[in-house]
Amino acid sequence: MKKVNIMWRQFSLFWVGLASLGLLIPAMAYAIGEAKGAVAGTARFVQLDADAERVLNEMVMLGAEMVALEEARELPSETRLLVLVTVEPSPFFQLETIQLQIDERMASFHQYTETELAALQQGGSHRLFWGNVPAGQHQLTVSMMGRVPKDPDFQRKSTLVMVSGEGRRVVELRVAPGKSQPFPEMSLKEWK
Amino acid sequence: MSLRCVSGGSGHVRLPALKRMLSGVFCLLLSTQALVAAPVVWDSIEDPLVRAAQFDLLVGAPFEAVTRLESDLAQGYIKHQPAQAQLVLGGMYLASGAHHKAAAIFAALGSSGQPQQVQNLAWLSLAQVQYQHGQTNEALESLRRISGELPGQAQQERLLLSAMALMQQQHFGQAVTHLRQLGQKSLVQQLSEKSVWATYGRFNLGVALFRQGKEEEGRMLLEELGSGAADTEESRALRDKANLTLAYHHLDKNEPEEAQRYFVKTRLQGPMSSQALLGLGRVYSAKNLHKKSLVPWLRLSKMDASDPAVQDSLLAVPFAFGQLEAFRQALEHYQLALEKFKSEVEQIDQAEAAVNNGALADKLVHIVSRQSMGQRWLVQDLSDTPGGRYLWQLFATNEFQETLKNYAQLRLSLGRLEQWSSQIDDARGLSPAHRRVLEKKVVNLQSELLSVLDRTQKHLKVLAQETLKHRKQRLLSYASEARFSMAQMYDYASRRWGGEQ
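So the sequence lines, in the order shown, correspond to chains Y and B. Using my numbering, read the first sequence as starting at 1 and increasing by one per residue. Using my numbering, read the second sequence as starting at 1001 and increasing by one per residue.
Hints are computed from structural coordinates only; laboratory data are not their basis. You may find that some hints are simply not true.
[What the hints assert, rightly or not] Estimated spans, in silico, between C-beta atoms of each pair: (1) Y:V46 to B:G1173: 30 to 38 Å; (2) Y:E71 to B:S1227: 18 to 26 Å; (3) Y:T159 to B:S1451: 33 to 41 Å; (4) Y:E185 to B:D1425: 46 to 54 Å; (5) Y:A135 to B:Q1423: 26 to 34 Å; (6) Y:V46 to B:S1227: 38 to 46 Å; (7) Y:K179 to B:S1111: 42 to 50 Å.
All values derive from a computational prediction rather than experimental measurement. Backbone N, C-alpha and C fix where the C-beta goes; we use that ideal spot for every residue, glycine too.
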């Protein structure tokens, strides 16, 4: 019986070592294989990534040319008007829609999605209107609709008089928390 | 609901379980990338045209954002703070994967005569790009060029990025110094703040302290992380990772009691569960509690056999039975392991066939067509692709994600070129010379795009083939090991009992 126990112990020890090796050797072989493949793969990836970036950057530059071409084709440079909307975050006011009238005629109406509102809150500026306005003096009227506590149909209106025909005009409509919270204030500013 | 990942095989994986696993893995992948992926918070962008480009970027149209901004810059429309516009432009190139271009913009700004704050932000952005692409020395050099303190979060990012880069270079002491500069508050207080940077910083600092031999300080941070409340999958995965780090640290020091304390804190449903079960079995085995070691190992052995930890458990279970002198069960489980290894090898063969005959590429094209440009690919989206069970680790790699993103952008670009070609044809008032120049650009770009697209598709295929090959080699090695152990057992039995029988 004692002999059997000794024999088993020897076998056991051998087996413990074997099992440990069993778990280690395939893992080591696997790791070596992985490392070799990784080196070749990384070299391929670096070259390919650089080539893809070069082609995509050429796409961007051609895209910028196409943007300018499209603008030049559609809008005479002297009478272009761009109206942008920016919003300062407010815990009280939730913007819903903005309407732009030029000389009392509807020029643009936009209902904001959640994604767009989030982009505005993070400092983005929405292109509300990008078009041609005949040379001369014009009145821009902007109506903003949204929700504030106890008033789900909150509205504000603001006007600006601008002169077209002297080059590209950029007007910013800024919605910001008002002095009397929670009602927001709206202002129109021409960028020169 | 079950998902058969490879047709004809016997392996079924619970889809929600696989998705959870992939989700967790992706979270951990982010843990290394989040430190460099977080964009600098620009204090205030004044020019409304730059803000309009930001809007495009934020609503998921990065190509429109960058082309419009380039167009506005080229036409001289950006009149207010043009340096700020360049910083934003660099960030946009970075967001669309054009890191060389982004790095060039940041480097130019950093060396320009712009105000110090603009230069500092440019150096920080450049360091982030360099660190992300493994250029640790260059990243540290860029960080050294920052003069004075940065505003707000940027300063926190700077210190943690420095620490990460130093840790990668094994300079743990200097890394700790940087992390200690995080504020006037005590280190633990500072790192306890609910900032993703602070959380990852705390984990990495804990590991760094351990490696430096400052076990108590390291343990304090990791224990706090491992027992704190976690309300997101990302933080729960990080908590598990902290507990596993402590557990394996003690296991390697042959302190099974201590290791056990941390293994049992790890979730059995999370992405780290298989590592926890494997380690827990090792704890009991080290304590010669072989019967108890069978509990986690048997549980693990019934999980998805494509997981390397599960494959380990398939060999560990018969080992434990052998220790218990239950030779019949040990042989049965070796036989079971062999069958599972064989089944997995067969499924890998089928996955290889799917990759070779283009089924994987077809699926990727399908996913690409559903996604808009600029989005980060989610590993979960790729879980039901052919061979997904074996390729999810590949899907989670930066190389695969970046290559797939390039692939998507290149395919979208082909469509854009066709559209531009029509626009050029229809454009009135365009001079013949200008038209010829534009047409030539489109034709040249189409040719280049097709070439790079083809190589990108082949690269994705090679990556999948190599991964499957390595997975197969591992399984074949394990199968050999199981057969060898069985032969040893038969040999022992014949020597011990052969005469009697």
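So, going through the hints one by one against the coordinates:
1. Y:V46 to B:G1173: 30 to 38 Å: Holds - the Cβ-Cβ distance for V46 (chain Y) and G1173 (chain B), about 32 Å, lies within 30 to 38 Å.
2. Y:E71 to B:S1227: 18 to 26 Å: At roughly 59 Å between Cβ atoms, S1227 (chain B) and E71 (chain Y) fall outside 18 to 26 Å, so the hint is violated.
3. Y:T159 to B:S1451: 33 to 41 Å: violated, 56 Å
4. Y:E185 to B:D1425: 46 to 54 Å: holds, 48 Å
5. Y:A135 to B:Q1423: 26 to 34 Å: holds, 27 Å
6. Y:V46 to B:S1227: 38 to 46 Å: holds, 42 Å
7. Y:K179 to B:S1111: 42 to 50 Å: holds, 44 Å
The structure fails to meet hints 2 and 3 from the earlier list, while all remaining hints are met.
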